[in-house]
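One-letter residues, chain by chain:
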Amino acid sequence: AQSVTQLGSHVSVSEGALVLLRCNYSSSVPPYLFWYVQYPNQGLQLLLKYTTGATLVKGINGFEAEFKKSETSFHLTKPSAHMSDAAEYFCAVTPANQAGTALIFGKGTTLSVSS
Amino acid sequence: ETGVTQSPTHLIKTRGQQVTLRCSSQSGHNTVSWYQQALGQGPQFIFQYYREEENGRGNFPPRFSGLQFPNYSSELNVNALELDDSALYLCASSFRLAIRQGTDTQYFGPGTRLTVL
Numbered sequence: 008a009q010s011v012t013q014l015g016s017h018v019s020v021s022e023g024a025l026v027l028l029r030c031n032y033s034s035s036v037p038p039y040l041f042w043y044v045q046y047p048n049q050g051l052q053l054l055l056k057y058t059t060g061a062t063l064v065k066g067i068n069g070f071e072a073e074f075k076k077s078e079t080s081f082h083l084t085k086p087s088a089h090m091s092d093a094a095e096y097f098c099a100v101t102p103a104n105q106a107g108t109a110l111i112f113g114k115g116t117t118l119s120v121s122s
Numbered sequence: 025e026t027g028v029t030q031s032p033t034h035l036i037k038t039r040g041q042q043v044t045l046r047c048s049s050q051s052g053h054n055t056v057s058w059y060q061q062a063l064g065q066g067p068q069f070i071f072q073y074y075r076e077e078e079n080g081r082g083n084f085p086p087r088f089s090g091l092q093f094p095n096y097s098s099e100l101n102v103n104a105l106e107l108d109d110s111a112l113y114l115c116a117s118s119f120r121l122a123i124r125q126g127t128d129t130q131y132f133g134p135g136t137r138l139t140v141l
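In the order they appear, the protein sequences are chains P and W. Per this note's numbering, the first sequence starts with residue 8, numbered consecutively. Per this note's numbering, the second sequence starts with residue 25, numbered consecutively.
Think of the hints as simulated: they come from the structure by calculation, not from any bench. Bear in mind the structure is a predicted one, so any value in this text is a computation, not a measurement. Please note: incorrect hints may appear among the correct ones.
Claimed, not checked - In silico EDC-like pairs for lysine to aspartate or glutamate, Cα to Cα no more than 20 Å straight-line: (1) P/Lys-114 to W/Asp-109; (2) W/Lys-37 to W/Asp-109; (3) P/Lys-114 to W/Asp-108.
Stated by the list, open to error - What follows is a list of derived Cβ distance ranges for each label pair: (4) P/Thr-117 to W/Gly-27: 23 to 29 Å; (5) P/Thr-12 to W/Glu-106: 38 to 44 Å; (6) P/Ser-122 to W/Pro-94: 27 to 33 Å; (7) W/Gln-41 to P/Gly-69: 22 to 28 Å; (8) P/Gly-69 to W/Gly-27: 20 to 26 Å; (9) P/Gly-15 to W/Glu-106: 17 to 23 Å; (10) P/Ile-67 to W/Glu-78: 38 to 44 Å; (11) W/Glu-78 to P/Ser-21: 43 to 49 Å.
Positions of the beta carbon are idealized from the N, C-alpha and C atoms, including for glycine.
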């Protein structure tokens, strides 16, 4: 069965510091990979996704993620945190050999940004 | 372009009651997925509809049921409500060229917060 592990339920950084949110997946075949952000009392917004091709994916708001098959990882980074980045971040996968089925989400990481 | 909308935004029910949640897809989308997000957890897949047919179901009991209409809007019905059904219910819509396309981006609505007392 597919699963997603987000290491660290809570990450705190200072404004201007590097943001690194970790995501590892368990899958017998390479899945499609997604990062979503959820602001308080709102739905989820897609930050970026990896399906095929280039393993370094750039998303919105300056975020990027790199698919590393050998490490089964898809970590999310941003070079310089902004106060507005404070939110809940979810990594999700959908099995490529079962395309058309559900998104499987991790438990989420809360990002706090201090001034 | 109108995004995904859900109604109502909040709902309070008592155990044993039934509830219907509604979702309007983003214009041009033909696929709707429903997720349950318990407090402090990631969303969990309930089921998905592609062009009015159920296309996959998560580990939820039959008292969770749904519909997709010809205009691709959707309903989630929950019968015999239990306390553990208290959660944020998210609807997501997307456009697929084919039923097995998995690269479509799912656009989420703001959710319906259901509280069961």
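Item to complete: Check each numbered hint from earlier against the structure, then list the numbers of those it violates in ascending order.
Response: Per hint list: 5, 6, 7, 9, 10 violated.
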